[in-house]
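Input sequences plus hints: build the corresponding full structure.
There are 2 protein chains.
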Amino acid sequence: MKRSNLFLPTLKENPTEAKITSHRLMLRSGMVRQSSSGIYSWLPMGLKVLKNIEKIIRLEQDLIAQELLMPTIQDSEIWKKSGRFNDYGKEMLTFIDRHEHQLLYGPTNEELITDIFSKNIMSYKSLPLCLYHIQWKFRDEIRPRFGVMRGREFLMKDAYSFDISKEDAIKCYNRMFLSYLRIFNKMELKAIPVSADTGPIGGDLSHEFIILADTGESEVYLDKNILKEEIPNINYNDSKGISKLVDTLTSFYAAADDKYDEEEYMNIVNENNRLKTKGIEVGHLFYFGSKYSIPLEAKVNSKEGKVVPVEMGSYGIGVSRLVGAIIDAHHDDKGICWPESVSPFLIGIVNLRQNDIECSNLSDTIYNNLLSKDVSVLYDDRDEGAGIKLAEMDLIGVPWQIRIGPRGIKNGNFELLQRKTGDITEIKVKDMEKTINKLL
Amino acid sequence: MKRSNLFLPTLKENPTEAKITSHRLMLRSGMVRQSSSGIYSWLPMGLKVLKNIEKIIRLEQDLIAQELLMPTIQDSEIWKKSGRFNDYGKEMLTFIDRHEHQLLYGPTNEELITDIFSKNIMSYKSLPLCLYHIQWKFRDEIRPRFGVMRGREFLMKDAYSFDISKEDAIKCYNRMFLSYLRIFNKMELKAIPVSADTGPIGGDLSHEFIILADTGESEVYLDKNILKEEIPNINYNDSKGISKLVDTLTSFYAAADDKYDEEEYMNIVNENNRLKTKGIEVGHLFYFGSKYSIPLEAKVNSKEGKVVPVEMGSYGIGVSRLVGAIIDAHHDDKGICWPESVSPFLIGIVNLRQNDIECSNLSDTIYNNLLSKDVSVLYDDRDEGAGIKLAEMDLIGVPWQIRIGPRGIKNGNFELLQRKTGDITEIKVKDMEKTINKLL
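Taken in sequence, the protein lines are chains A and B. Letter 405 of the first sequence, counting from 1, is numbered 438 in the numbering used here, and no numbers are missing. Letter 73 of the second sequence, counting from 1, is numbered 106 in the numbering used here, and no numbers are missing.
These aren't lab readings, by the way, just hints derived from the structure by calculation. Each hint should be verified, as a subset may be incorrect.
Remember, identical chains collapse to one label, so a pair may be satisfied in a single copy or spanning two.
As the list claims (entries may be wrong) - Here are the simulated DSSO-like pairs of lysine-lysine, each with C-alpha atoms no more than 30 angstroms apart in a straight line: (1) K45 to K273; (2) K273 to K35; (3) K170 to K84; (4) K84 to K158; (5) K35 to K204; (6) K81 to K158; (7) K114 to K219; (8) K88 to K170; (9) K309 to K339; (10) K453 to K257; (11) K45 to K158; (12) K114 to K170; (13) K219 to K35; (14) K84 to K45; (15) K81 to K332; (16) K81 to K311; (17) K152 to K367; (18) K367 to K292; (19) K204 to K81; (20) K170 to K152; (21) K158 to K114; (22) K453 to K336; (23) K152 to K45; (24) K84 to K406; (25) K152 to K35; (26) K471 to K158; (27) K170 to K336; (28) K332 to K367.
Following this line, the structure appears as C-alpha cells:
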C-alpha cells in the first residue's frame with residue numbers, strides 16, 4: 034500500500050481524552066475514532082490488526098471447536114428462561130421492536146447457544162461438541178474508558194462446550210486453557226492464568242488470563258516463577274498431558290484483587306518471589322455444569338437410555354481489547370512496536386528524499402519486489418520531510434523499516450531498521466533480495 | 034472435515050414456515066436457524082458460505098476501495114443533522130442507553146462515514162477516497178419473511194465515495210458498476226443492472242443489480258439481449274472503457290416495477306425480445322452529490338483555495354441475502370448445487386459401506402490425500418445407509434462427490450459425480466491423484 038493512498042489520519046499531538054498509552058497511540062496512529070461514548074470505528078490500519086488477531090484465534094480454536102455465528106440481537110425470552118434477564122442489570126441494552134416484542138443486544142451468548150443446542154442435538158453420540166463465534170457484543174458500561182479497553186460495543190470470541198459428563202467437560206476446559214496459552218503466546222503476550230470469580234456467568238470453576246501491564250485495571254499478586262514457565266508442545270488429544278500442564282500452571286500463586294488473600298500469599302510465596310503488579314484481563318474460562326442446560330432444556334439421550342442435561346462451559350477472549358493490550362505491552366516513547374504476527378504491515382519503506390530520482394527509483398523497485406512476493410508493505414511515497422516520515426513510521430510501529438536516502442545510495446546502500454530494538458543495519462543494494470527473504 | 038464431527042443438523046422434512054426454495058433448503062441443509070423473527074444464527078456450514086461470499090467481495094472491492102469497520106450502534110445526533118432521523122421511519126431500531134442518550138442500530142451508514150470524513154480529511158489532496166465495510170445492519174421489517182432474503186439483522190457490504198467533482202464521483206460510480214458485475218459473475222450469478230428509485234438514501238442517479246429468480250419479490254421487465262452481454266476485461270484505471278461499458282449495459286431496457294413504463298417498454302423493445310420475470314435485488318448504487326456532505330460538513334480545501342462540500346455516492350451489496358439468492362439460482366429438486374466459488378466444501382466423500390474395511394481404507398486414503406492438499410472436503414464417515422448419505426450430500430450441494438462402494442472397489446474403481454450435471458464418471462483408483470488434481 035502506498036501511504037499517499039492510505040486513509041491513515043495520524044495525529045501529531047496527544048489527544049486530551051486519552052488517559053492510557055494504548056488509547057493515546059490508537060488515536061494518534063489513526064487506528065480508531067470514537068463515534069459515541071465507548072463506541073469506535075476501526076479505520077483501515079486498526080481493522081488490519083483486528084483481523085490479524087482474529088486469524089490467530091481462529092487457527093487455534095479451529096483445532097478444538099467449530100465456528101458458527103450468532104446474531105447480535107437476541108430474544109429476551111431465553112434470558113427470562115435462564116433467569117438472567119433481571120439479574121444482568123443495566124449493562125444489558127434492551128429495547129422493544131415495532132411489534133412491541135422485547136429484544137436485547139447480546140452481552141454474551143450462553144442462552145442463545147444453549148437454545149440452539151437444545152433444538153438440534155438429541156443424543157450423546159453428537160458429544161463432545163464445542164462451538165465458538167467471533168461477534169460484536171454490547172455492554173452498557175456506566176463509565177466507558179481507556180479506548181477499546183473498556184468500550185461498550187466490543188468484539189469477543191466466545192466458545193461454548195457441551196459434554197455428557199463433568200469429567201469430559203473438564204477435559205474441554207483444559208484444552209481451552211492450552212489453546213488460550215498458545216493464542217496469547219503467538220501475539221507475544223505473556224498471559225497469566227489466575228483463578229477467578231464467576232460473576233454473572235456463574236459456575237464453580239473459572240480462570241482469567243491476565244496480561245501484565247501498568248495500565249491494567251486489576252491488581253495482580255503473583256509468584257514470579259510462573260513467568261518462567263514455557264508452553265510445552267502437547268497434542269490436543271493428550272488429555273493427561275494437558276491436565277498436567279494446567280495443574281503445574283495453577284500451582285503457582287496468582288490472584289487478582291477479587292480472589293487475593295494476603296495471609297495466604299505471604300504464607301505460600303517466598304518474599305523474593307512476590308510480584309504485585311497490574312494486569313489486563315484478556316480471556317476468561319468458565320465451567321458451569323447444568324446452570325443453563327436445565328432451564329433451557331439442553332438434554333440428550335445418554336448411552337444408558339436416560340435423558341440428561343448436558344455439562345457446559347464458556348470461554349471468552351476480548352478480541353478488540355487485545356488490540357489495546359498488545360499496544361500496552363509493546364510500545365516505547367516513539368510509538369507502537371507491533372509483534373510481527375499482528376502488525377498491519379510487516380515492512381515499511383521510507384523514501385527520505387522524495388524528489389531525488391535515484392531514491393524514488395530504488396524505493397519503487399523494492400516496493401514492487403515486496404508486492405510481487407505478497408508481503409504486506411507500507412510505502413511512504415509522500416512529498417514530506419524525512420523527519421515527519423520517520424516519526425510517523427515509528428509511531429505506527431511497523432516491525433521493519435527500509436530507509437532509502439541519497440547518502441546511502443551514494444555508497445550503494447540502504448538502511449534496515451528493526452523497530453523493536455532500534456538496530457540499524459546498512460544493506461548493500463545488491464543484497465536486497467537476500468535481506469528481504471530473511472524477513473519473510 | 035469428518036461428517037461425524039460436523040455440527041450439521043439437516044432436516045428430512047420441509048419446514049412448514051419456509052415458503053421459498055432458498056429458505057427451505059437453508060433450513061433443511063442445516064445452514065441457519067432462526068432465533069427470533071427475521072434474526073438468524075449461522076451454523077458452521079452456512080457461515081462457510083457467508084465467508085466465501087465476503088472473500089469474493091473483498092478481493093474485488095480492495096482494488097478500488099479501502100476497508101474499515103464502523104460499529105453497529107450509532108449516535109442519533111448525526112441522523113438528526115442529516116434530517117433522516119425522523120424520515121427513516123419505523124424500520125430504524127432506536128433505543129436509549131443507561132444515561133438516557135438516544136442510539137440506534139445502523140440500517141445504513143451514510144451519516145457515520147460522512148462524519149468520519151469530516152473530522153479527518155481536510156484537503157482535496159486526499160481525494161478521491163472510497164471506503165467500505167462489511168457489517169451487520171438492522172432494519173425492523175414489518176413482516177420479515179423468506180429466511181435471510183428479508184431478515185431484520187442482515188450482513189451488508191456498503192461502500193462510500195468522496196470526490197471533489199461530480200465528474201470524478203461518476204467515475205467512481207462506474208468503477209463500482211464494473212466491480213459489482215465482476216463480483217456477481219464470480220458467484221455464477223447473472224446480475225442485471227436496472228435504473229432504480231433512490232428511496233431513503235436520496236440522490237439523482239441509481240442502479241439496482243437484480244438476479245433473475247422465480248422467488249424474487251420484484252417484477253422485472255427486460256430486453257433479453259442484455260443477458261447475452263459478457264463482461265470485458267477492463268482495467269479500473271480505464272475510465273473511458275468503463276464508461277463505455279456502463280453506457281452499453283444501461284442502453285438495454287431493464288426496469289423493476291417501480292420504474293416500469295409500459296408504453297416505453299412496448300415502444301423500445303421488440304416483442305421477441307421482451308422478458309417479464311421476477312428478480313432479487315442484491316446490489317444498489319447511489320450517487321447523491323452533497324446531500325450528506327453539506328449538513329454533516331464534509332468539506333475540503335480545493336486546489337483553488339475554496340472550501341467545498343465533497344461529492345458522494347454509496348454502494349451496497351446484500352451479503353447475507355446473496356446466500357439465499359445463489360441457492361434460488363442454483364438448485365434442483367434434490368437440493369442445492371453450489372457454484373464452486375462459494376461452496377462450503379469443494380469435494381464430498383461418501384463411503385457407501387461403512388463397515389467394509391476396503392471401502393473405509395480407500396475413503397480414508399482419499400480424505401487424507403485431500404487434507405494434505407488443503408482441499409476443503411467433507412467426508413461422510415457415519416455409520417448410516419448409503420441412501421441417507423447420498424441424499425444428504427445431494428441436499429447440501431457439494432460440487433463434486435467421490436463415492437466409494439464395494440462394487441466399484443472390486444473393479445479397482447470409485448465414482449466421481451458432478452452435482453450440477455449429475456454426470457458420474459468411473460475412475461480407476463490408480464488415477465485418483467490425477468483426477469483430484471484436475472478438480473483443484
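Going down the list of hints, with the structure as the test:
1. Taking the shortest alpha-carbon separations for K45 and K273, neither the intra-copy value of 53 angstroms nor the inter-copy value of 40 angstroms comes in at or below 30 angstroms.
2. Proximity of K273 and K35 under a CA criterion of 30 angstroms is satisfied inter-copy only: 25 angstroms between copies versus 51 angstroms inside one chain copy.
3. For the identical chains of this complex, K170 and K84 are neighbours both inside a copy (17 angstroms) and across copies (20 angstroms), given an alpha-carbon limit of 30 angstroms.
4. Taking the shortest alpha-carbon separations for K84 and K158, only the inter-copy value of 29 angstroms comes in at or below 30 angstroms, while the best intra-copy value is 35 angstroms.
5. Proximity of K35 and K204 under a CA criterion of 30 angstroms is satisfied inter-copy only: 21 angstroms between copies versus 48 angstroms inside one chain copy.
6. Only between protomers do K81 and K158 lie at most 30 angstroms apart by alpha-carbon distance; the minimum there is 24 angstroms, versus 40 angstroms within a single protomer.
7. In this assembly of identical chains, K114 and K219 lie within 30 angstroms of each other by CA distance neither inside one copy nor across copies; the values are 39 angstroms within and 45 angstroms between.
8. In this assembly of identical chains, K88 and K170 lie within 30 angstroms of each other by CA distance both inside one copy and across copies; the values are 19 angstroms within and 23 angstroms between.
9. In this assembly of identical chains, the alpha carbons of K309 and K339 never lie at most 30 angstroms apart, being 50 angstroms within a copy and 58 angstroms across copies at closest.
10. In this assembly of identical chains, the alpha carbons of K453 and K257 lie at most 30 angstroms apart only when taken from the same copy (25 angstroms versus 62 angstroms across copies).
11. For the homomeric pair K45 and K158, the shortest alpha-carbon distance between copies (19 angstroms) is at most 30 angstroms, but the shortest distance inside one copy (60 angstroms) is not.
12. Both within a single protomer and between protomers do K114 and K170 lie at most 30 angstroms apart by alpha-carbon distance, with minima of 21 angstroms and 27 angstroms respectively.
13. Proximity of K219 and K35 under a CA criterion of 30 angstroms is satisfied in both settings, with 28 angstroms inside one chain copy and 28 angstroms between copies.
14. Only within a single protomer do K84 and K45 lie at most 30 angstroms apart by alpha-carbon distance; the minimum there is 26 angstroms, versus 38 angstroms between protomers.
15. In this homomeric assembly, K81 and K332 come within 30 angstroms of each other (Cα to Cα) only across copies, at 27 angstroms, whereas the closest approach inside a single copy is 41 angstroms.
16. In the homo-oligomer, the alpha carbons of K81 and K311 lie at most 30 angstroms apart inside one protomer (28 angstroms), although the nearest pairing across protomers, at 40 angstroms, exceeds that limit.
17. With identical chains, the CA atoms of K152 and K367 are at most 30 angstroms apart between copies only, with a shortest distance of 25 angstroms across copies and 54 angstroms within one.
18. In this assembly of identical chains, the alpha carbons of K367 and K292 never lie at most 30 angstroms apart, being 37 angstroms within a copy and 58 angstroms across copies at closest.
19. In this assembly of identical chains, K204 and K81 lie within 30 angstroms of each other by CA distance solely across copies; the values are 28 angstroms between and 34 angstroms within a copy.
20. Both within a single protomer and between protomers do K170 and K152 lie at most 30 angstroms apart by alpha-carbon distance, with minima of 24 angstroms and 26 angstroms respectively.
21. Within a single copy, K158 and K114 get their C-alpha atoms as close as 27 angstroms, which meets the 30 angstroms cut-off; across copies the closest is 57 angstroms, which misses it.
22. Taking the shortest Cα distances, K453 and K336 never come within 30 angstroms of each other, neither inside one copy (56 angstroms) nor across copies (40 angstroms).
23. Taking the shortest alpha-carbon separations for K152 and K45, only the inter-copy value of 15 angstroms comes in at or below 30 angstroms, while the best intra-copy value is 55 angstroms.
24. For the homomeric pair K84 and K406, the shortest alpha-carbon distances inside one copy (21 angstroms) and between copies (25 angstroms) are both at most 30 angstroms.
25. For the homomeric pair K152 and K35, the shortest alpha-carbon distance between copies (22 angstroms) is at most 30 angstroms, but the shortest distance inside one copy (51 angstroms) is not.
26. When the C-alpha separation of K471 and K158 is checked against a cutoff of 30 angstroms, the pair qualifies neither within a copy, at 49 angstroms, nor between copies, at 37 angstroms.
27. In the homo-oligomer, the alpha carbons of K170 and K336 never lie at most 30 angstroms apart, since the shortest distance is 37 angstroms inside one protomer and 44 angstroms across protomers.
28. Taking the closest pair of Cα atoms, K332 and K367 never come within 30 angstroms of each other, the shortest separation being 56 angstroms inside a single copy and 32 angstroms across copies.
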